[in-house]
Amino acid sequence: MNLTPSRRGVLRGMLGGAAVSVALPFLDCFLNANGTALASGAPIPVRHGSWFWGLGCNAARWVPQKTGADYDITPELSAIAACKDQISILSGYNCPLDGKGNIAHQSGWQAIRSGSVRGNGSVVGPSYDTIISDAIGQDTRFRSLDMSGVGDPKSSYTYRNISVVNPSEIDPAAFYARVFGPDFRDPNAADFKADPRLMARQSVLSAIADKRQKLLSQVGAADRARLDEYFTSLRTVEQQIAMQLEKPAPNLACVPAKSPEHLDPSHELSAVLKNHDLLAEVLIMALACNQTKVFNIALTESNDTVYREGEDRSHHQMSHEEPMDEKLGYQPVTTSYVLEYMKTWARFVERLGSVKEGDRTLLDNSLVFAHSDTNFAKTHAVDGIPMMLAGKAGGKVKSGIHLPGNGDPVTRVALTIMQVAGVNISKFGVGSLETSKPLNALLT
Amino acid sequence: MSGWKWKSLAGVALALVVGAGVWAWSDFQAQPREPSSSGGPASVRRLTEEQYRQTIAELFGSDIKVGGRFEPDLRPENGLIADGSSEVAVTPSGFEQYDALARGIADQVVDKDHRDILVSCKPASAEAPDDPCARQFLSKTGRLLFRRPLTADELNTEVAVAHESAVKLGNFYAGLGQSLAGMLDDPDFLFRVEAVAKTPDGTGARQLDAYSKAERLSFLIWNATPDDSLLAAAERGDLDTRKGLTRQVDRLLASPRLEGGVRAFFADMLGFDSFQELQKEQNLYPKFSLQVAADAKEQTLRTIVDLLVANDGDYRDIFTTRKTFVTRSLGAIYEIPVDNATGWQPYEFPAGDPRAGLLTQLSFVALHSHAGRSSPTLRGKAVRELLLCQRVPAPPSNVDFALVDNTADPRFRTARDRLTAHRANPTCAGCHAIMDPIGLALEDFDTVGEYRTTENGAPIDSSGQLNKIPFQDAAGLGKVIHDDPSATACLVRRVYEYGVGRAPEKGEAVWLNDLNRRFAEDGYRIPQLLRRIALSDAFYRVAPASGSVPSAKTASASTSIREN
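Here the protein sequences come in this chain order: A and B.
Under the working numbering, the first sequence has 503 at position 179, and the numbering climbs by one with no breaks.
Under the working numbering, the second sequence has 1801 at position 454, and the numbering climbs by one with no breaks.
Note that these hints are calculated values from the structure, not bench results.
Just to be clear, a hint being listed does not mean it is correct.
Some chain B residues well away from chain A (every beta-carbon gap over 12 Å; in silico) [to be verified]: (1) E1505; (2) E1511; (3) A1521; (4) A1528; (5) R1589; (6) L1605; (7) Q1623; (8) L1625; (9) E1645; (10) V1652; (11) S1722; (12) A1780; (13) Q1819; (14) K1826; (15) A1867.
Some chain A residues well away from chain B (every beta-carbon gap over 10 Å; in silico) [what the hints assert, rightly or not]: (16) K390; (17) P477; (18) F508; (19) P589; (20) Y654.
Partial pick of chain A residues on the chain B-facing surface, computed with a CB cut under 8 Å [what the hints assert, rightly or not]: (21) N418; (22) A428; (23) R467; (24) D476; (25) S487; (26) D519; (27) R525; (28) L529; (29) A533; (30) L551; (31) S557.
Positions of the beta carbon are idealized from the N, C-alpha and C atoms, including for glycine.
Build out the structure end to end from the sequences listed, making use of the hints.
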């Protein structure tokens, strides 16, 4: 170890270097003629996101009859009617648990996101989104941006393991400050000057990174892995700083609006939906400004305690306790939450579709995976959990298709998404959840 | 202590004694010596938000603002946040946040308003590096942040970083701030990395090194970082002698900061982190507010501190005491007059009042309820798991509650009616029989804790039985729990668990059992329990390494060698 020059030593050299000041003229258009690439020749990035909601749906009222393109709009999908060409429906995929107990509100999303379920309520990571962000997130300021409509940072379904669960942003104003606060470098600013404080910080963090081996040698195996996660996280912040020291590529689509208002954490339905929409606005600005390529939204928690003003029970309580309306054939109050959540999903998809990137949209250049944790919440059914994909991943994926799974493992979805994202992975999942079959019908 | 209370514990102890063969009956009789204990692994614990804030306030004063978001603490199933701190790492966005916190704190410490007070030396020039002054500040501050002296290498690095940054930024204080921010980002600050040494008895057994002992002690008793005297005692080797250790333990226990430590422990044991998400439906329960929630938490902590610290009382009395503290916003829910319009005042519920003990306070009945409705099941589960350390299995995933929870059904107007119907289902009956009798006793209090005698027009029956002892209402339930040996055994287990940051190991059961017995002999006094733990060998014992070979902290290597 002593033979290699210390990282700090190298950076100390850099610190002495001159600050870069580059004045760039504004160009009329920073995209090429087709709008498929930046004028510089760099391709427009493909963004990968997930969008989670708790407590599923009523499959009989949610799953379209018709498969393939131009599927029929069912009562619980009515919100997406206007954008159904942009959304694929994935129905009838299963979560085989191999004899492990179905841990209510956990087994389902664990199977979907990490291809393995844990019998005792803990998680086995990593979730597929972190595999993607490791593969494609190195060259943006944030590896991923994660948020939740309910005011609890622990409402999160992105994790490496139980020790590293990525906390959710819960306050739009705080989220805005994190992305667009003083550390933000406007790509369209005429002047760029590297901040000497950033160079000093590089030196500081590098001094800490130099302690890694010594510290890891002092602790047992499990703690070593945890401390190593700390150093991995430190490294991502070092990379952030390195990026901030370079002039960002001009990007006319990046027009940060002013900060949204602060919202107090709440589980009341209308507040949760409003919070989601404000967080999504900040996210969309961040995507347009190429601050991240990966995001995770949890509209609610899996064990969804969102409640509606004036009602004495939450969505979760209702899902178990509300009697089936015999005439209607479903639980009306519980189902009203599903409808609200589908509307919120549709709003998000349409908003992504409204952001132009050349002759395409931000949605065209994204792939967003929406899923829940159960099928019918009352019984915690984990087979046939409702799932959707929105966007075309920059042209790699067809949209607007209903693709039934016929009982195939649910892991086929995450495997497909990871492969589309360019992750070098051929198999995903453990036991009966293992699959090596991507959803080829979705690929162009 | 009456013999029957300890029957079950003695059974466990005996089985373990026979199994381990390390502890003779005659020792039990004589009882001056501590039974041996296996210890567990040394731990690596991430500072909790409260510990972080506490440390900053301690070092730099409470006017230094700690603004920003912390990584959420983790509460493992059936465990404490103290256990979760041994499991969590730092996420990328978490590191970003710690770094933002660090920069915010460091900027304030070296700004014009604070530097003259917090930086004890003056640089020759404010516009240039000054290594001796930087060294003085970083050495002193680093020792308190890392809870041990910096090594020569570490200090040299910090001084060099301050020097380079001062050159780059053209300012001594800005450079010093960079170094300070770095120390606040350092894993040696953010994590309590425990180091191991051999015990001085030559047996090759392992214990924590002196600085790690100081850390465990200080966080156990104060929930705060070791102060200068404790670190000095560690440095001198005092903590490895009975006399020196006793002096420090008694000093910590005599400090007013004991109150903060006791509060932090009970907030963890009682699951008060859930207050962050506590919300009630506003149209149905307009009296409830964020202020009420904050006051409810504070009420219970004040009650506990008054009883257990100020009056050195019997732990079991928290289940029966009628003495508490209230604010006007709590008064509205408790339906009692509160003269003091702005602050706290002591209050004693009259004898015979349905409110007696912790279980009837808002912090219990409101915290373990739904937003719009009380929950006998959640309350019963909380008593079993939080206060008696008993585990309630999760419900089967295909459970059907339809019949049970339909309040519109005229046959089932009260929770008792509905749960009785639910228990007719044999797969549900087993667990609900564990939770419901306890929870139903608290049904006199609705989801925000207001007293009521009817639900949906039907009278509430809050009678029941626990441990085959019948009771009439919540106050009666409190008396039964007061006398339940599981409650005191649970407390002992939790305090130890809190101190070591993990569930007790099997090899620690005999020692814990003995501790239980002594807790009873001491009249169930919390400070005395803390003292016994802090003075024990067991608290600092480290189990033999399995595979990995952790070594002592660098700065305390000399201590370890000396002990060899």
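Going through the hints against the structure:
The beta carbon of E1505/B is not kept farther than 12 Å from every beta carbon of chain A, the shortest such distance being approximately 8 Å. Here E1511/B does not stay apart from chain A, with its beta-carbon only about 6 Å from theirs, under the 12 Å limit. Distance check for A1521/B against chain A: the nearest CB is about 8 Å away, which does not clear 12 Å, and the non-interface claim fails. With a least beta-carbon separation of about 6 Å from chain A, A1528/B fails to lie farther than 12 Å from that chain, contradicting its non-interface assignment.
The non-interface label for R1589/B is consistent with chain A: the shortest C-beta to C-beta separation is roughly 28 Å, beyond 12 Å. A cut-off of 12 Å between C-beta atoms confirms that L1605/B is not in contact with chain A; the least separation is 30 Å. The Cβ of Q1623/B does not lie farther than 12 Å from every Cβ of chain A; its closest approach is about 7 Å, which violates its non-interface assignment. In this structure L1625/B is not separated from chain A by more than 12 Å, as the shortest Cβ-Cβ distance comes to only about 10 Å.
No beta-carbon of chain A comes within 12 Å of the beta-carbon of E1645/B; the shortest separation is about 20 Å. Every CB of chain A lies more than 12 Å from the CB of V1652/B, the least distance being 28 Å, so the non-interface label holds. Distance check for S1722/B against chain A: the nearest CB is about 9 Å away, which does not clear 12 Å, and the non-interface claim fails. No beta-carbon of chain A is positioned within 12 Å of the beta-carbon of A1780/B; the least distance is around 20 Å.
The Cβ of Q1819/B lies farther than 12 Å from every Cβ of chain A, with a closest approach of about 28 Å, so its non-interface assignment holds. The claim that K1826/B lies off the interface holds: its Cβ sits roughly 32 Å from the closest Cβ of chain A, which is beyond the 12 Å cut-off. With 12 Å as the threshold on Cβ separation, the claim that A1867/B sits away from chain A holds: the shortest Cβ distance comes to roughly 34 Å. For K390/A, the requirement that its beta carbon stay farther than 10 Å from each beta carbon of chain B is met, with the minimum near 31 Å.
Distance check for P477/A against chain B: the nearest CB is about 5 Å away, which does not clear 10 Å, and the non-interface claim fails. Taking the minimum C-beta to C-beta distance to chain B, about 13 Å, the non-interface status of F508/A holds against the 10 Å cut. Remark: the non-interface label on P589/A conflicts with the geometry, its nearest Cβ contact in chain B lying 7 Å away (cut-off 10 Å). Non-interface status of Y654/A relative to chain B is upheld: no Cβ of that chain comes within 10 Å, the nearest being about 13 Å off.
A cut of 8 Å between beta carbons decides the hint on N418/A: the least distance to chain B is about 15 Å, and the hint is violated. The beta carbon of A428/A is positioned within 8 Å of a beta carbon in chain B (closest approach about 5 Å), and the interface hint is therefore held. Interface restraint check for R467/A: the shortest CB-CB distance to chain B comes to about 5 Å, inside 8 Å, so the restraint holds. For D476/A, the shortest C-beta to C-beta distance to chain B is roughly 5 Å, which falls under 8 Å, so the interface hint holds.
Look at S487/A: its Cβ gets to within about 4 Å of chain B, closer than 8 Å, so that hint holds up. Of the supplied interface hints, the one on D519/A is violated, with its beta-carbon coming no nearer than about 10 Å to a beta-carbon of chain B, more than 8 Å. Hint on R525/A holds. Least Cβ distance to chain B is approximately 7 Å, under the 8 Å limit. At its closest, the beta carbon of L529/A sits 7 Å from a beta carbon of chain B; the interface hint therefore holds under the 8 Å criterion.
At its closest, the beta carbon of A533/A sits 10 Å from a beta carbon of chain B; the interface hint therefore is violated under the 8 Å criterion. The beta carbon of L551/A comes within 6 Å of a beta carbon in chain B, closer than 8 Å, and the hint placing it at the interface holds. At about 4 Å, the closest approach between the beta carbon of S557/A and any beta carbon in chain B falls short of 8 Å, and the interface hint on this residue holds.
Taken one by one, the earlier hints fail for this structure at numbers 1, 2, 3, 4, 7, 8, 11, 17, 19, 21, 26 and 29, listed in ascending order.
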